[in-house]
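Please model the entire structure based on the sequences and the hints provided.
2 protein chains.
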Amino acid sequence: MDKYFIQLALDRMNIEEAIRLTQKVEENVGWIEIGTSLIKEFGMKSVRSFRNAFPEKMLLADMKIIDNARYECDLAFTAGANVVTVMGCGPLITVQLVAETARNANQNFMIDLLNTTEKQQILLRDTFPDAIFCLHTSKDQQERTGDTFRSNDIGWNGRRIAVAGGLNEETLPPIIVQLRPEIFIIGSSITKATNPVAAIRTYQQIIKDNQF
Amino acid sequence: MDKYFIQLALDRMNIEEAIRLTQKVEENVGWIEIGTSLIKEFGMKSVRSFRNAFPEKMLLADMKIIDNARYECDLAFTAGANVVTVMGCGPLITVQLVAETARNANQNFMIDLLNTTEKQQILLRDTFPDAIFCLHTSKDQQERTGDTFRSNDIGWNGRRIAVAGGLNEETLPPIIVQLRPEIFIIGSSITKATNPVAAIRTYQQIIKDNQF
Numbered sequence: 001m002d003k004y005f006i007q008l009a010l011d012r013m014n015i016e017e018a019i020r021l022t023q024k025v026e027e028n029v030g031w032i033e034i035g036t037s038l039i040k041e042f043g044m045k046s047v048r049s050f051r052n053a054f055p056e057k058m059l060l061a062d063m064k065i066i067d068n069a070r071y072e073c074d075l076a077f078t079a080g081a082n083v084v085t086v087m088g089c090g091p092l093i094t095v096q097l098v099a100e101t102a103r104n105a106n107q108n109f110m111i112d113l114l115n116t117t118e119k120q121q122i123l124l125r126d127t128f129p130d131a132i133f134c135l136h137t138s139k140d141q142q143e144r145t146g147d148t149f150r151s152n153d154i155g156w157n158g159r160r161i162a163v164a165g166g167l168n169e170e171t172l173p174p175i176i177v178q179l180r181p182e183i184f185i186i187g188s189s190i191t192k193a194t195n196p197v198a199a200i201r202t203y204q205q206i207i208k209d210n211q212f
Numbered sequence: 001m002d003k004y005f006i007q008l009a010l011d012r013m014n015i016e017e018a019i020r021l022t023q024k025v026e027e028n029v030g031w032i033e034i035g036t037s038l039i040k041e042f043g044m045k046s047v048r049s050f051r052n053a054f055p056e057k058m059l060l061a062d063m064k065i066i067d068n069a070r071y072e073c074d075l076a077f078t079a080g081a082n083v084v085t086v087m088g089c090g091p092l093i094t095v096q097l098v099a100e101t102a103r104n105a106n107q108n109f110m111i112d113l114l115n116t117t118e119k120q121q122i123l124l125r126d127t128f129p130d131a132i133f134c135l136h137t138s139k140d141q142q143e144r145t146g147d148t149f150r151s152n153d154i155g156w157n158g159r160r161i162a163v164a165g166g167l168n169e170e171t172l173p174p175i176i177v178q179l180r181p182e183i184f185i186i187g188s189s190i191t192k193a194t195n196p197v198a199a200i201r202t203y204q205q206i207i208k209d210n211q212f
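So the sequence lines, in the order shown, correspond to chains A and B. FYI, my numbering numbers position 57 of the first sequence as 57, with every residue one higher than the one before it. FYI, my numbering numbers position 70 of the second sequence as 70, with every residue one higher than the one before it.
Any given hint might turn out to be false.
Dumping the calculated BS3-like pairs for lysine-lysine here, alpha-carbon to alpha-carbon at most 25 Å [what the hints assert, rightly or not]:
hint, chain 1, residue 1, chain 2, residue 2
1, B, K57, B, K192
2, A, K192, A, K45
3, A, K119, B, K119
4, A, K24, A, K57
5, B, K45, A, K45
6, A, K3, A, K208
Just so you know, the hints here were simulated from the structure itself, not pulled from any lab data.
Below is the structure:
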């Protein structure tokens, strides 16, 4: 695995469309994200279908867990996910339970930092050294306010970092320099591209050009 | 409709079990909540199945929306829900979009106050006069910390109030006196009772005894 990779985020489509799209770009992306909208529309069938279609691929289930951590982790891991997401703005105990459940299952967990305060971020960073931290500008924030990625950089002390939300040619270079992310989460600008592979290559070039 | 009612929360079971359970108590509860765990496990099929089984009943889909508000609201309302939930600890823009989408659909929205600060609660209270506000101690908080319902009462100025999490004979009376809730959300202590109807009647008696 490269020291960084693209996570393909699949949302607002049905399972068949998502699988067909993924088949076109499978070789060019690191992880596949089964988006929250697929999970809420189709349930764990979405994860199982991806596990069947891509037996060897790392699958992230964007569960956005904010309660009932153990149960929801079990749902996702049993269905074939390798990574689950948990909301950093929710109760700390829920993040703790996701962490424990993921560790016991030898799987990964990503803490979505959407709408977290700097204080929450520091606590999460220091409490969960094995988490992946996702700095995230949400769809609603992007679409309604025109915001793209914003980073209030608390200093991540070598933690694994993912970035999501409005990543483009303009916003990416400073993010790369500042945060050295491992995971670049990209959705509609790949899935809605006329040529998804070309879109991925453009991102990869930008990332490569700004590595150090 | 009474001035208060019980919302039956269904979680950690399959759709058939949930429908069977609901059929036993339908007459004794106000709203039916299709829990987050049913939604994430079975998708919108869970909501559609309940709409078919209970054509006249108010259905709340516990979507716990925290992004992609319009899309997720549309999923739930199209499937037959009358009420959706949105997380108050998420971005305000998402709550705003849920409010708009629910109003346009002539449906209701509930703001889940899990892990919100007093400052966030005051802002939400003053921004969304037509919301239902759910004061909520989560499953993970109850099961792991033994916490039951806690209220930091900001003064709700006549807003519609729901309460959820560890409601029992001991915790209910002061909650009723302090918050005058309209909606009492009760899950496992009904669904796991040997006699669910008797369990509901006990709750109704406690509520009645503490009304003013």
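So, going through the hints one by one against the coordinates:
| no. | hint | verdict |
| --- | --- | --- |
| 1 | B:K57 x B:K192 | 22 Å, holds |
| 2 | A:K192 x A:K45 | 23 Å, holds |
| 3 | A:K119 x B:K119 | 16 Å, holds |
| 4 | A:K24 x A:K57 | 14 Å, holds |
| 5 | B:K45 x A:K45 | 11 Å, holds |
| 6 | A:K3 x A:K208 | 11 Å, holds |
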